[in-house]
Amino acid sequence: MHSDNEITPEMVRDSKIYQQWGLTDTEYQLIVDTLDRLPNYTETGIFSGMWSEHVSYKKSKPILRHFWSTNERVLQGPGEGAGILDIGDNQAVVFKAESHNHPSFVEPYEGAATGVGGILRDIFSMGAQPIAVLDSLRFGELDNAHTHHIVDGVIAGIAGYGNAIGIPTVGGEIGFDPVYAGNPLVNVMAVGLMDQKGMQVGQAKGVGNSIIYVGAKTGRDGINGASFASAEFSTEHESDRSAVQVGDPFLEKLVMDATLQAVRDHSDIIVGIQDMGAAGLLSSSSEMASKAGMGIDLDLNQVPQRETAMTPYELMLSESQERMLFVVKKGEEQVILDLFKKANLDAVIIGRVTDDGRYRLRFNDQVVADVPVDFLTHAPKQDLPMVAPQRLAILKADQFVPDVTDLKQTVLDLVGQPTIASKSDLFRHFDSQVRADTVIKPGGDATLVRIRGTKKALAMTTDVNARYLYLNPKVGAKMAVAEAARNIVATGATPIGITDGLNFGSPDNPEVYYELAQAVDGINELAKQLNTPIISGNVSLYNETDGQAIYPTPMIGMVGLLTDVSKATRIGFQNAGDSIYIIGETSASFNGTEIQKMQTGTIDGQLFEFNDHDEITNQKLVLAAIEQSLLASVHDLSEGGLIVGLLESAFAGHLSFNVVTDMTSEFLFAETPSRFIVSVAPQNRDAFEKLVGESAQKIGEVSDEDQMTIQSSDQLLQLSRQETQTIYQESISWRLKA
Amino acid sequence: MKAAVIRFPGSNCDFDMLYALQDFGIDAEILSADNNDLNDFDAVFLPGGFAYGDYLRTGAIAKFSPIMAAVIQAANDGKLVVGVCNGFQILTEAGLLPGQLQVNKVPGFICEDVELLIENPNTAFTNAYETESIMIPIAHGEGNYYADDATLAQLEDNHQIVFRYAQNPNGSAHDIAGIMNERGNVFGMMPHPERAVDAVTGNVDGQPFFKSILSEIIAGD
Chain R
1 MHSDNEITPE
11 MVRDSKIYQQ
21 WGLTDTEYQL
31 IVDTLDRLPN
41 YTETGIFSGM
51 WSEHVSYKKS
61 KPILRHFWST
71 NERVLQGPGE
81 GAGILDIGDN
91 QAVVFKAESH
101 NHPSFVEPYE
111 GAATGVGGIL
121 RDIFSMGAQP
131 IAVLDSLRFG
141 ELDNAHTHHI
151 VDGVIAGIAG
161 YGNAIGIPTV
171 GGEIGFDPVY
181 AGNPLVNVMA
191 VGLMDQKGMQ
201 VGQAKGVGNS
211 IIYVGAKTGR
221 DGINGASFAS
231 AEFSTEHESD
241 RSAVQVGDPF
251 LEKLVMDATL
261 QAVRDHSDII
271 VGIQDMGAAG
281 LLSSSSEMAS
291 KAGMGIDLDL
301 NQVPQRETAM
311 TPYELMLSES
321 QERMLFVVKK
331 GEEQVILDLF
341 KKANLDAVII
351 GRVTDDGRYR
361 LRFNDQVVAD
371 VPVDFLTHAP
381 KQDLPMVAPQ
391 RLAILKADQF
401 VPDVTDLKQT
411 VLDLVGQPTI
421 ASKSDLFRHF
431 DSQVRADTVI
441 KPGGDATLVR
451 IRGTKKALAM
461 TTDVNARYLY
471 LNPKVGAKMA
481 VAEAARNIVA
491 TGATPIGITD
501 GLNFGSPDNP
511 EVYYELAQAV
521 DGINELAKQL
531 NTPIISGNVS
541 LYNETDGQAI
551 YPTPMIGMVG
561 LLTDVSKATR
571 IGFQNAGDSI
581 YIIGETSASF
591 NGTEIQKMQT
601 GTIDGQLFEF
611 NDHDEITNQK
621 LVLAAIEQSL
631 LASVHDLSEG
641 GLIVGLLESA
651 FAGHLSFNVV
661 TDMTSEFLFA
671 ETPSRFIVSV
681 APQNRDAFEK
691 LVGESAQKIG
701 EVSDEDQMTI
711 QSSDQLLQLS
721 RQETQTIYQE
731 SISWRLKA
Chain C
1 MKAAVIRFPG
11 SNCDFDMLYA
21 LQDFGIDAEI
31 LSADNNDLND
41 FDAVFLPGGF
51 AYGDYLRTGA
61 IAKFSPIMAA
71 VIQAANDGKL
81 VVGVCNGFQI
91 LTEAGLLPGQ
101 LQVNKVPGFI
111 CEDVELLIEN
121 PNTAFTNAYE
131 TESIMIPIAH
141 GEGNYYADDA
151 TLAQLEDNHQ
161 IVFRYAQNPN
171 GSAHDIAGIM
181 NERGNVFGMM
191 PHPERAVDAV
201 TGNVDGQPFF
211 KSILSEIIAG
221 D
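Line order of the protein sequences matches chains R and C. So in the working numbering, spot 593 of the first sequence is number 593, and the numbers just go up one at a time. So in the working numbering, spot 31 of the second sequence is number 31, and the numbers just go up one at a time.
Keep in mind the hints are simulated off the structure, nothing from the lab. For each residue, glycine too, the CB sits at the ideal point set by N, CA and C. Keep in mind that the hints are not guaranteed to be accurate.
Stated by the list, open to error - Stretch by stretch, here's where chain C covers chain R in the computed footprint (C-beta under 8 Å, at least three residues):
{"id": "1", "stretch": "163-176"}
{"id": "2", "stretch": "250-258"}
{"id": "3", "stretch": "430-437"}
Claimed, not checked - With the Cβ distance kept under 10 Å, some of the chain R side facing chain C (calculated, not the full set):
{"id": "4", "residue": "Ala156"}
{"id": "5", "residue": "Ala159"}
{"id": "6", "residue": "Lys197"}
{"id": "7", "residue": "Val201"}
{"id": "8", "residue": "Leu339"}
{"id": "9", "residue": "Ala343"}
{"id": "10", "residue": "Asn344"}
{"id": "11", "residue": "Lys423"}
{"id": "12", "residue": "Ser424"}
{"id": "13", "residue": "Phe427"}
{"id": "14", "residue": "Ile440"}
{"id": "15", "residue": "Arg452"}
{"id": "16", "residue": "Ala457"}
{"id": "17", "residue": "Ser566"}
{"id": "18", "residue": "Ala568"}
Looking at chain C on its own, in the form it has when it is part of the complex:
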């Protein structure tokens, strides 16, 4: 079992994600977005950061990088594809997840711990959680999730909303913090679970996220 953490030029949470995966015994490595082949990998992680500087709409350039065709292929093959923060923005730009991340309702970057409600505990990303609410840090200026009403209704009906904010920090529609595709193998969230895995940093609420993924990957082997 092998996981790839995709490094776009400007990714800056690539090592955080790599270390979190490795801490849970997942064989992971960083792979440049210049690559175009993910056949050797069973799961793909798009980390946070500012891909290509994100001077245009976030993720708008990243979706054209060589790796993205392979990411789409991996998603179609049913492999786990996880985007956190900038990774989530890139997944929506690439059309692998519905909707769009806009500038925060009150413009400005926000970094703080927020309470998340686990809306769907029966997913590859949440099945190890034993609580209904967790604290996970956010760090973004463009995390305001938008989708049209039909899409939102579909997300609700299919239980694709995985995490919701308890107190909406950025104006996201339906308080959405994280969603998955209908098949349940592609997932994106704005908060950073990889920053909440180590007791020394004061928060371990991200641990069950990685435990869930680990058990899913093992089950899939």
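So here's chain R without its partners, still in its complex pose:
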């Protein structure tokens, strides 16, 4: 066995080049023992790609396998391109999240753009039409030019790709904290819609069936990007630009449309479809073979190439974008080849399915790799040690007490905090309306996208407050699920499923590994009670720069189903004279809050409590009230507490409020979970109060004045809506221009 490159298997062994690719000595030795010979250069390279954490999840899998992922709706759980849920009428919703954190730090525009492109391929490779994209973004504070550069690049990249391919970017959230300065998070969630009969999976079944390569040519971009994403950054080596791919949304649109047409018209001859994502051609082909229990034989000379003299290692590990792999029934290939040719796309038979369980690569008439498929696709799992972080043991139980001496100024400062302030100046760069199905646009609690030709709509959101997890990983994770669900519920939709993006530091740090395990526990616990299985997800580890890890940030992407879109509710107040109610109890919940961060510059102390029962009860109450059409507006309370919730409902509805409460004024900033504010028209007041009983408290009325007032037990707060909204609206732009 020889490859035409000059590095011999002995040189691979002696130079330990595999270490640079992320393989450990133990892993290398396991390969040698299992193959019963030295792996050659190409083989060592493909093991390094497939056994990287980014592809194999070898470190996170022992934890991830605990995820609950089955219920009556689940048609496809984790393990495929994306998860699929039954939404009735023989329709299904498909969704998944993916991270592009590392590439977006190095090359913000292309990193973010290709993040959008990659997750869309996951959706349409299942046979689903993508209908929406959401972004969960975390950046450092907006006080330095480098962060401005990253923010501008990421926003432009998402816009550049999503707008051009014509899938609306409908929502998500953006947060800022110094812990993300060296490790921004770019998580993209995509949602697709399909007829259940068009379901596709990424499997290579049937001996002799053909492997067809479709889409962009392969170049040297993103070589071994999966290994790059599985290592920490250091500021000395931060510019590893060659590991970042370049996106072409126009090409992807052609690939998407042609793929969906192939699924529509030729599902009888298509055996499997898989996109080429992390570890490119290598992982897509080997995973398809492994899932089907088959082998695969590829002729790399057939792979369409953009550059000359590419080696087998480069061809297999390139992460060039806009490429797909089809498995098509033997003898029927021409129909598929013609279809793609008509769309001006490369489509080439590059190999076939075998029954010997081997992963075999040929190049220039020589076999350059020949290894067992299952061995290649099943990295040795690692049970890593975990230990509760030191910091958690010493957190004080006392809750922070906000300084409300100058209440008005405190409120004005708070609404100008980047995490609280309106993100519309960033979101306006995204086409949120293409496809003309967007019912609730970005800026509400969740986005709502109607399903044309039905009365149904899908609600979608992404959420996590990582500060809560920093103080308590398990409870914080539950709160992330709870907030996502409240956002869905606030539109009138019932939460039906979760995708996650688990962004953590290095799993080799036992404290980080503990955080990951705790977070998964917390997500699971609440997901089961909400009946929202976790059907897909993504893990991004090693989010550390110079040993400084990010907060544990498990992004929760959630989808809800609204069966009658005409009942949709929004956050904005609707009419002067409507009554405002708060649903849920408010307690002294200040550790980890925005007000603590703003007033002390840090977050500290034990996280306040979360009550599963209250959360579920209050959500059900809101859904029941919406079902009976009793609510004029609904808004969940989260960062910034009651005061921010009231202001956002006022701004969205262009109306004000007069509120009276028996709480003292610092409680306006409490972030007690499980709460909503709703407004109710006079004619619905009696019915609403009868429905909710003691669970809701009337706190005031909607008004059409400019002045907004809150009379708490110790202070009267008066704010001009126009003045306050200007700060809320403009703060991000001011900071980006500064």
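Guided by the hints, dock chain C onto chain R, whose structure is given.
For chain C alone, kept in the frame of chain R given last:
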């Protein structure tokens, strides 16, 4: 009566336009830009998107696609030819409408509802409007209309400016959002009326646009 919605490779508002036309009872179908014959159609719609990726100047490649000769023929025959967003950009590139769409004055794609003033209510595209101002979404990075002074004066004098922005979002000359040719059968606009036809999406200000076109097409039959 039949309408064609032209799909260029990279068009992405083709279905939005098709559904809007069909919602108003117009017999419409999507036609690939590879075709070169529009004889069977009475009206032609060029939808939004990024034709051929628009990696060069917008519309610069699209104007060479096979369908464009037929579009020009349809315009010369007096048929309605409507371009929205990318379609408007293609019509200016093809010389069917004067001027040019440049990068927004503050560079960057913008998607938001904007107020449009109906400058000429007596056109095939506006005769069903009963108000002077409407809200219609824009979604573009290159909507900054430019024409030389003589052309602008001509557009003004001939009442060819159909829609103007109430607050100029992109730097367009004379706040121009939509114009027609002198004959009044070729029309282009940057905002997206096809995104404002369905009450469930929160805005129906695009409805009279399609009602106007429908009555024009029926009258022409």
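Structure-based check of all given hints:
1. 163-176: holds (count 4)
2. 250-258: holds (count 4)
3. 430-437: holds (count 8)
4. Ala156: 7 Å, holds
5. Ala159: This interface hint holds because 5 Å falls under the 10 Å limit.
6. Lys197: Not OK, violated: Lys197/R not within 10 Å of chain C, min 21 Å.
7. Val201: It is violated, given that the least Cβ distance between Val201/R and chain C is near 27 Å, above 10 Å.
8. Leu339: 14 Å, violated
9. Ala343: 8 Å, holds
10. Asn344: 7 Å, holds
11. Lys423: Hint on Lys423/R: violated, closest Cβ of chain C at ~13 Å, above 10 Å.
12. Ser424: 8 Å, holds
13. Phe427: 8 Å, holds
14. Ile440: At 8 Å from the nearest chain C Cβ, Ile440/R passes the 10 Å test, so the hint holds.
15. Arg452: 7 Å, holds
16. Ala457: 8 Å, holds
17. Ser566: 7 Å, holds
18. Ala568: Holds, because the Cβ-Cβ distance from Ala568/R to chain C comes to roughly 8 Å (cut-off 10 Å).
Violation of the numbered hints given earlier is confined to hints 6, 7, 8, 11; the remaining hints are satisfied by the structure.
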